[in-house]
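**Q** Please take these sequences and the hints and turn them into a complete structure.
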Amino acid sequence: MSTPYQERFEALVSALREALHPGEQFTLGYNAEQSRFVRFNHAKVRQAGEVAQASAQLRLIREGRQAEQQFTLGDDAQLDRQRLQDALKQLRQTLPLLPLDPYLKLDESAWHSHSVQDPTLPDFSEVLTLVEQQAGDLDLVGIYAAGPICRGFASSFRAFGWHQANSFNFDWSLFHTNGQAVKANYAGQVWSGEDFSARLQLAREQLEYLGRPTITLKPGSYRAYLAPAAMDEIAGMLAWGGFSAQALATGNSPLQRLYTGDDKLDPRVSFSEQVSGSLSPAFSSEGSPRKDVALIVEGRGHARLVSPRSAVEFDLPGNGADSYEAPCALSLAPGELASADILARLDTGLYISNLWYLNYSDLPAARMTGLTRFATFWVENGQIQGPVSTMRFDDSLYNLLGKQLEELTRDRELILSTSTYGQRQTGSSHLPGALVRGLTLTL
Amino acid sequence: MFDSSALLRQRFAALRSKAELFSLRHVKQSHQSLSVRRNVAEPPFFSQDEGAMLTVRLNGVEAYAATADLSQSGLQRALEHAEALARQITGHHLLDLRDQPVPSTRHDHISPNFDQSLPNLADCLELLATESASVPKDERLVDWQASLGMTLVEQTYLNSAGAELRNAQRFIFPGLGVTASDGRDSQSRSLGRENFGQQGGFEVVQRCGLVGAARRIADEALQLLLAPNTPSGARDLLLMPDQMMLQIHESIGHPLEMDRILGDERNYAGTSFVKPSDFGQLQYGSPLLNVTFDPTIDEELASYSFDDDGTAASKQFLIREGKLLRPLGGALSQFRSGLDGVANSRACGWNRAPIDRMANLNIEPGDQSLEQLIKGIEHGILMRTNRSWSIDDARNKFQFGCEWGQLIEHGELKGVVKNPNYRGISAQFWRNLSAVGDSSTFQVLGTPNCGKGEPNQVIRVGHASPACVFRQIDVFGGDA
Numbered sequence: 002m003s004t005p006y007q008e009r010f011e012a013l014v015s016a017l018r019e020a021l022h023p024g025e026q027f028t029l030g031y032n033a034e035q036s037r038f039v040r041f042n043h044a045k046v047r048q049a050g051e052v053a054q055a056s057a058q059l060r061l062i063r064e065g066r067q068a069e070q071q072f073t074l075g076d077d078a079q080l081d082r083q084r085l086q087d088a089l090k091q092l093r094q095t096l097p098l099l100p101l102d103p104y105l106k107l108d109e110s111a112w113h114s115h116s117v118q119d120p121t122l123p124d125f126s127e128v129l130t131l132v133e134q135q136a137g138d139l140d141l142v143g144i145y146a147a148g149p150i151c152r153g154f155a156s157s158f159r160a161f162g163w164h165q166a167n168s169f170n171f172d173w174s175l176f177h178t179n180g181q182a183v184k185a186n187y188a189g190q191v192w193s194g195e196d197f198s199a200r201l202q203l204a205r206e207q208l209e210y211l212g213r214p215t216i217t218l219k220p221g222s223y224r225a226y227l228a229p230a231a232m233d234e235i236a237g238m239l240a241w242g243g244f245s246a247q248a249l250a251t252g253n254s255p256l257q258r259l260y261t262g263d264d265k266l267d268p269r270v271s272f273s274e275q276v277s278g279s280l281s282p283a284f285s286s287e288g289s290p291r292k293d294v295a296l297i298v299e300g301r302g303h304a305r306l307v308s309p310r311s312a313v314e315f316d317l318p319g320n321g322a323d324s325y326e327a328p329c330a331l332s333l334a335p336g337e338l339a340s341a342d343i344l345a346r347l348d349t350g351l352y353i354s355n356l357w358y359l360n361y362s363d364l365p366a367a368r369m370t371g372l373t374r375f376a377t378f379w380v381e382n383g384q385i386q387g388p389v390s391t392m393r394f395d396d397s398l399y400n401l402l403g404k405q406l407e408e409l410t411r412d413r414e415l416i417l418s419t420s421t422y423g424q425r426q427t428g429s430s431h432l433p434g435a436l437v438r439g440l441t442l443t444l
Numbered sequence: 182m183f184d185s186s187a188l189l190r191q192r193f194a195a196l197r198s199k200a201e202l203f204s205l206r207h208v209k210q211s212h213q214s215l216s217v218r219r220n221v222a223e224p225p226f227f228s229q230d231e232g233a234m235l236t237v238r239l240n241g242v243e244a245y246a247a248t249a250d251l252s253q254s255g256l257q258r259a260l261e262h263a264e265a266l267a268r269q270i271t272g273h274h275l276l277d278l279r280d281q282p283v284p285s286t287r288h289d290h291i292s293p294n295f296d297q298s299l300p301n302l303a304d305c306l307e308l309l310a311t312e313s314a315s316v317p318k319d320e321r322l323v324d325w326q327a328s329l330g331m332t333l334v335e336q337t338y339l340n341s342a343g344a345e346l347r348n349a350q351r352f353i354f355p356g357l358g359v360t361a362s363d364g365r366d367s368q369s370r371s372l373g374r375e376n377f378g379q380q381g382g383f384e385v386v387q388r389c390g391l392v393g394a395a396r397r398i399a400d401e402a403l404q405l406l407l408a409p410n411t412p413s414g415a416r417d418l419l420l421m422p423d424q425m426m427l428q429i430h431e432s433i434g435h436p437l438e439m440d441r442i443l444g445d446e447r448n449y450a451g452t453s454f455v456k457p458s459d460f461g462q463l464q465y466g467s468p469l470l471n472v473t474f475d476p477t478i479d480e481e482l483a484s485y486s487f488d489d490d491g492t493a494a495s496k497q498f499l500i501r502e503g504k505l506l507r508p509l510g511g512a513l514s515q516f517r518s519g520l521d522g523v524a525n526s527r528a529c530g531w532n533r534a535p536i537d538r539m540a541n542l543n544i545e546p547g548d549q550s551l552e553q554l555i556k557g558i559e560h561g562i563l564m565r566t567n568r569s570w571s572i573d574d575a576r577n578k579f580q581f582g583c584e585w586g587q588l589i590e591h592g593e594l595k596g597v598v599k600n601p602n603y604r605g606i607s608a609q610f611w612r613n614l615s616a617v618g619d620s621s622t623f624q625v626l627g628t629p630n631c632g633k634g635e636p637n638q639v640i641r642v643g644h645a646s647p648a649c650v651f652r653q654i655d656v657f658g659g660d661a
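Chain order of the listed sequences is B and V. By the working numbering, the letter at position 267 of the first sequence is numbered 268, and the numbering carries on one by one without gaps. By the working numbering, the letter at position 179 of the second sequence is numbered 360, and the numbering carries on one by one without gaps.
Simulated from the structure, these hints should not be mistaken for laboratory data. Worth double-checking, as some hints may not be accurate.
Straight-line distance between alpha carbons at most 30 Å, and here's what the computed DSBU-like set of lysine-lysine pairs gives [unchecked claim]:
{"id": "1", "chain 1": "B", "residue 1": "90", "chain 2": "B", "residue 2": "106"}
{"id": "2", "chain 1": "V", "residue 1": "456", "chain 2": "B", "residue 2": "184"}
{"id": "3", "chain 1": "B", "residue 1": "292", "chain 2": "B", "residue 2": "106"}
{"id": "4", "chain 1": "B", "residue 1": "45", "chain 2": "V", "residue 2": "318"}
{"id": "5", "chain 1": "B", "residue 1": "219", "chain 2": "V", "residue 2": "199"}
{"id": "6", "chain 1": "B", "residue 1": "45", "chain 2": "V", "residue 2": "199"}
{"id": "7", "chain 1": "V", "residue 1": "504", "chain 2": "V", "residue 2": "556"}
{"id": "8", "chain 1": "V", "residue 1": "496", "chain 2": "V", "residue 2": "456"}
{"id": "9", "chain 1": "B", "residue 1": "265", "chain 2": "B", "residue 2": "292"}
{"id": "10", "chain 1": "B", "residue 1": "219", "chain 2": "B", "residue 2": "106"}
{"id": "11", "chain 1": "B", "residue 1": "184", "chain 2": "B", "residue 2": "219"}
{"id": "12", "chain 1": "V", "residue 1": "456", "chain 2": "V", "residue 2": "504"}
{"id": "13", "chain 1": "V", "residue 1": "556", "chain 2": "V", "residue 2": "595"}
{"id": "14", "chain 1": "B", "residue 1": "106", "chain 2": "V", "residue 2": "318"}
{"id": "15", "chain 1": "B", "residue 1": "404", "chain 2": "B", "residue 2": "265"}
Output of the computed footprint for chain B on chain V, the stretches with three or more beta carbons under 8 Å from beta carbons of chain B [said to hold, decoys possible]:
{"id": "16", "stretch": "359-373"}
{"id": "17", "stretch": "560-572"}
Chain V is faced by these chain B residues, among others (derived, beta-carbon under 7 Å) [unchecked claim]:
{"id": "18", "residue": "42"}
{"id": "19", "residue": "46"}
{"id": "20", "residue": "47"}
{"id": "21", "residue": "67"}
{"id": "22", "residue": "100"}
{"id": "23", "residue": "142"}
{"id": "24", "residue": "208"}
{"id": "25", "residue": "210"}
{"id": "26", "residue": "365"}
{"id": "27", "residue": "418"}
{"id": "28", "residue": "422"}
{"id": "29", "residue": "426"}
Nothing here was measured: the structure is a model prediction, and the numbers come from that model. Idealized CB from N, CA, C, for every residue including glycine.
**A** So, in C-alpha cells, the structure goes:
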C-alpha cells in the first residue's frame, strides 16, 4: 500500500519519465522526514521543534557523461515539478561540458524493493510526563527524535525502491553532581512506556556507582572490558574508509595491512555488512540493491565494499555500496563470554561503557586514539570500585582485536544511529563487548 | 540577490499568531562541487536547498517548526505547529524567555565580491585537470585529487518586532591532496580542503595557492614516505597556521561555548573545563595570548553583521594577554548566564535552530618573523597541516596529528619527519605559549566542517592565526 510520501515520489518519477529526452537515462533518489526534535537539559525541555523536509537527488546520464543535482521538495506538486525541470535544465547544460566518464557504470536491472513500517509513534505528552515523573529529580540531558523517515529510488531502467519507517530515538545522559555521567538510549519503532522506564531505572542504578570517589589512573597498559557502545566507536572508525575499495586501493584505508595479509586480527573477529534484517534501506543511494558482505572473516581481510564507480576503476565486482563505501549495518560476530561473567573475567581493570572522539594517530598501522566517556569504572577482583577520571588511550586495532583480545561477549547490542547531520540517519551496528588483556592509556 | 524578499515580507505580514513574538528565518542555498581525481573528472554535484524556520514565543516558551513549503498556507501551518508545540511543552520548559530582549534592526550584509562572476564550469574543470596532470608520474603516488567547492547562501530574518536582516554570502573551498604509498605505509599531503575556505570570488582560489601547487604537494608526500618517524619526547613546538586553526578550534573555541558551559551539550558534544566564574579571572594562557571573536575580516568564513538571532556582531577580545574575558555566547546564553558574550548564535540551515557556535575565532599577531621563531628554538619541531584531532568531552586532554613535521635543532630547520603527533592539556598548553608570529606569518583560514548540537549541525567557522611556539610539548610519531 502506498503512502502520501510514496505517492509524491511516484508523481515525481512519472514527471521525470515524461520529461526525459531520447538518449537520456536517470537515477532519482528521495529522502524525506517529518521529525520532532526535543532537547532536554536538567530534565526540562531546553529546545523543541519540528522539521518537515524532503529532497530529491537527480542524476542525469547521456552519452557517457553524468552529473547530479539535489533539490529540496515541498508540499506543492506543481512547484516540485518545476524544481525537477530546473534541475534537468541545469544538468542538460552541464553534460556537454564534461569529458567522458570512464568509470560510469549503471545498474540496469529493474529491481524492486518495498518496505513500509508505520507503527504508531509515541504520544509525546506521555514522553513528557514520564520524563517529569521518573527523571524529575535527576540531571537528565539529551534529545528525543521521532517521526517517519523515507528513502526512495527510481531509475530509467524501471528499478524502484521504497523504504519508510516510523521510529523514535531517545538518547540521554544522567549526570551525577560530581560531574560523572551515565549514557542511555531507548530507540526503535514501537514505544513502550514500561521499556523506557526500565532503561531509565537501569541508568539511575548505574548513577549510584558514579557517586563513589573518582579514581585517577596513570598512563600504562590495563586490562579492559569494552562494552558494545564503546566497540561502536571503534567500529565507527573502521567504517571511515576501512572497508572501502577505493581507500584500500589508494593507501587511504586503516585496514590496508589487513587486506594485503601483512597483519591479522584474532580469528574470533569476523565483521560483516549485514543489511538483511537491519533497519537500513535494502538499496543504496547509488541505485543498487545492498548485499550482505563478509568483510573480515576469522581475523583476515575478505571482501571490500565496492561502489559501481570503484567496480570499474579497480576491476572488482560491485556489491551495492554507495559512493562512500561505508557499511550501514556493521555486524561483529559474537564470542563466548557470558554477560554475567564480564566483571569476574575482567577481575582487575577498566570497565569502559563508552569511548569518545576517536581518530587515527597512525592510519596505515590502524593505530587510534580516543577517550573514555560516560560510566568508566575501575574494577578490582570483579567488584566495581568507582568511576575513573577521563583517560586517553592510544593503541592499534591489531592489538585490541588481535594480540590482546581475550574474548568477545555472547550477547550483542543492536545500536541504532543517533546521527541527525542533515537528516535522521538509518544506520545501525550489531556488536558484542570485548575483553582485552591490555589497553594502552597515554594521558 | 534577495529575489524572494518582497514575497517573504508580504507573506510574513499576513501570518496570524497569538504568540507575543514570532520570527521567520528563510535560507536559500546552492552549492557546486567539482573535482578531478587521478586525472579523471568526477561527476559534478549541484544542490539547491530552500526553506524556512518559524519560531514562536508564547508566554515566554519558545518552539519552532521548519518547512520547505513557503506558500502562505505552508508558513501559517508551520507557525501553528510551533505554537502548538510551545503550548505542549509549557510547564516542562527549562527557560522562561518573557524578559529576553527582541531585535528590531534592519540591515543587509553582503560577501566581498559577491557579484563577481566566476569562471564557468568547463574552465574550473580545466584548472583542476591541469593541476591533477601536474602530479608527476611515480608509481608510489597512488592517489591525488584537485577540488573546488562553491556555496551561495541568502538568508532573510524577519520578526514580529520589525527586524529585517539579510545576508548574501559566497564561500569558496579549493582543495588538493596527494597520497604516496609503498604498499605498507602511506603518507598524504594536502592544501586547502578541510583546512581552508573563504568568502569572496575567484581570488580565494589564488589566495589558497592551489594553482601550480600539485608538483610541490606530491613531492612533499614522497618526502614523508621516505622520512623517519617523529621522535618521542618533550620538544618546543612550532605550529604553523594550518595547525594552529585546529588547536584554537578545539581547545579554545569549543570550551568557551557558553551553551556547553550551561550544560546543553553534555549528552553529545560535551561540556567544558571552563566554569562561569572563570570569566574575568582565569589566566587561560601566557601573556602573549590574545584571542578575538572577529566578524570584521571580510573574507573570513564567518564574517557577518548580525548573527542568526539578530544580534549585531562586533570584534571582541575573548582572551587578552592570557586572561579569559568573555565566552562564545549569543543573546540567549547571555540572558541565561548574565555574562557578556558575542554574536555567535548560528544555525547551519533553515532546518536547524540557532545555537552557540564558533564563528571567526582568531589569534592576534605578535612581533616575530618565522625566521625569528625558528631561531629561538634550541630543540624543537615544526608541524603543519592538521590530519588528526581528538579531545575529551570537557575539551581538556587533547591529541592532535599533522601531515608534515620538520625537526628544529639549534635554531635551524632540519630533516622532515612523518606522523608528527603531540598531546597535552588545554588548561596548561596555552600557558606554554612562548612566541607569537607577526603579521607576515598570519593566515586567514577556516573549515566547513564544525559539528555540534542535537539535532546535529555542521557549520562553517573561520580561524586566522600567526605561527606560534609552545615550550616543552610531548611529541611522538607513529608505528610505521
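**Q** Using the nearest Cβ pair, does residue 210(B) come within less than 7 Å of chain V?
**A** Not OK, violated: residue 210(B) not within 7 Å of chain V, min 19 Å.
**Q** Does residue 556(V) pair with residue 595(V) here, judged by a C-alpha cut-off of 30 Å?
**A** The given pair, whose Cα atoms are some 12 Å apart, holds under the 30 Å limit.
**Q** Just to be careful: measuring from the Cβ of residue 47(B) to every Cβ in chain V, is the smallest value less than 7 Å?
**A** The hint holds - residue 47(B) has a Cβ within 7 Å of chain V, the shortest such distance being about 5 Å.
**Q** Mind checking the alpha carbons of residue 404(B) and residue 265(B) for me, to see if they're no more than 30 Å apart?
**A** holds (9 Å)
**Q** Is the hinted pair residue 219(B) and residue 199(V) satisfied, with a Cα-Cα distance of at most 30 Å?
**A** Violated: residue 219(B) and residue 199(V) sit about 59 Å apart, past 30 Å.
**Q** Starting from residue 265(B), check that the Cα of residue 292(B) is at most 30 Å away, please.
**A** Answer holds: residue 265(B) to residue 292(B) is near 25 Å, not above 30 Å.
**Q** Take the C-alpha atoms of residue 45(B) and residue 318(V), compute the straight-line distance between them, and say whether it is at most 30 Å.
**A** Violated - the C-alpha atoms of residue 318(V) and residue 45(B) are around 61 Å apart, more than 30 Å.
**Q** For the pair supplied as a hint, residue 496(V) and residue 456(V), confirm whether the alpha-carbon distance does not exceed 30 Å.
**A** Given pair residue 496(V), residue 456(V) holds - Cα atoms ~23 Å apart, limit 30 Å.
**Q** Once the shortest beta carbon distance from residue 208(B) to chain V is found, is it less than 7 Å?
**A** At about 14 Å, which exceeds the 7 Å cut-off, the nearest Cβ of chain V leaves the hint on residue 208(B) violated.
**Q** Given a cut of 7 Å on the nearest C-beta pair, is the interface hint for residue 142(B) held or broken against chain V?
**A** holds (5 Å)
**Q** May I ask you to test the interface hint for residue 426(B) with respect to chain V, counting a Cβ-Cβ separation under 7 Å as satisfied?
**A** violated (9 Å)
**Q** Does residue 422(B) pass the interface hint, meaning its C-beta sits closer than 7 Å to a C-beta of chain V?
**A** Residue 422(B) check passes; min Cβ-Cβ to chain V is 4 Å, inside 7 Å.
The structure is inconsistent with the numbered hints 4, 5, 10, 24, 25, 27, 29, although it conforms to all the rest.
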